[in-house]
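What the sequence shown shows, in the working numbering, is residues 4 to 158, in sequence order.
Errors might be hidden in some of the hints.
[What the hints assert, rightly or not] Listed next, with one range per pair, are the computed distances between beta-carbon atoms:
| id | residue 1 | residue 2 | range |
| --- | --- | --- | --- |
| 1 | Leu-50 | Ser-20 | 15 to 21 Å |
| 2 | Pro-140 | Val-27 | 22 to 28 Å |
| 3 | Gly-102 | Pro-24 | 17 to 23 Å |
| 4 | Gly-102 | Asp-53 | 17 to 23 Å |
| 5 | Val-27 | Ala-130 | 20 to 26 Å |
Note that these hints are calculated values from the structure, not bench results. C-beta: ideal position from N, C-alpha, C; glycine also.
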Amino acid sequence: MSRVSWLAVLVFAAGCSPPEPAAVLDALLPEGRYTESLAALADRAPLAPDQDFRAEEIGRDAGASQHVVSIRSAEVAHRHDRHDLLVVMLRGHGTMRMGDEARPVGEGSILWVPRGTPHAFANASAAPAVAYAVYVPPFDGRDRVLLDEAPPPSD
């Protein structure tokens with residue numbers, strides 16, 4: 004085979020490689036395997052025009068609960084005394100206060116908030132910010148202690 008033929012085969016083969024897969028959440032839940040693209044996951048908790056905050060549970064087991072959270076403006080500073088929290092920013096950006104420090108966060112940021120840590124997020128995006136949140140143990144809706152502090156400043 005000539006060099007030109009080999010070159011044509013290589014160019015063709017390179018163009019036929021499969022596309023990279025989209026980023027997904029892939030979770031084994033008691034009701035079965037849950038797989039969804041992160042782009043679709045970010046659409047799971049849309050806010051109504053008059054709504055500032057929404058949390059949609061997507062699954063839970065004995066050890067953890069998983070949620071999609073949307074925030075239009077800012078949370079009131081609070082803490083969870085019995086729950087650790089892992090947050091993955093799916094869309095938007097802003098400022099996350101944890102403990103005594105506030106830092107900028109954006110899409111793809113991963114935040115670990117140990118139980119008892121004061122925290123609050125302020126959205127600096129034009130659209131609602133959206134995050135994937137995992138509570139350990141499963142969130143019961145009652146472990147949210149509001150603090151007498153202002154939310155962090157937005158960017």
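Results for each hint:
A hinted range of 15 to 21 Å for the beta carbons of Leu-50 and Ser-20 is inconsistent with their spacing of about 39 Å. A hinted range of 22 to 28 Å for the beta carbons of Pro-140 and Val-27 is consistent with their spacing of about 25 Å. For Gly-102 paired with Pro-24, a C-beta distance near 36 Å fails the hint of 17 to 23 Å. Distance hint check for Gly-102 and Asp-53: the Cβ-Cβ separation is about 32 Å, which falls outside the suggested range of 17 to 23 Å.
Our hint of 20 to 26 Å for Val-27 and Ala-130 holds, since their Cβ atoms are close to 22 Å apart.
Checked against the numbered hints given earlier, this structure breaks hints 1, 3 and 4; the rest are met.
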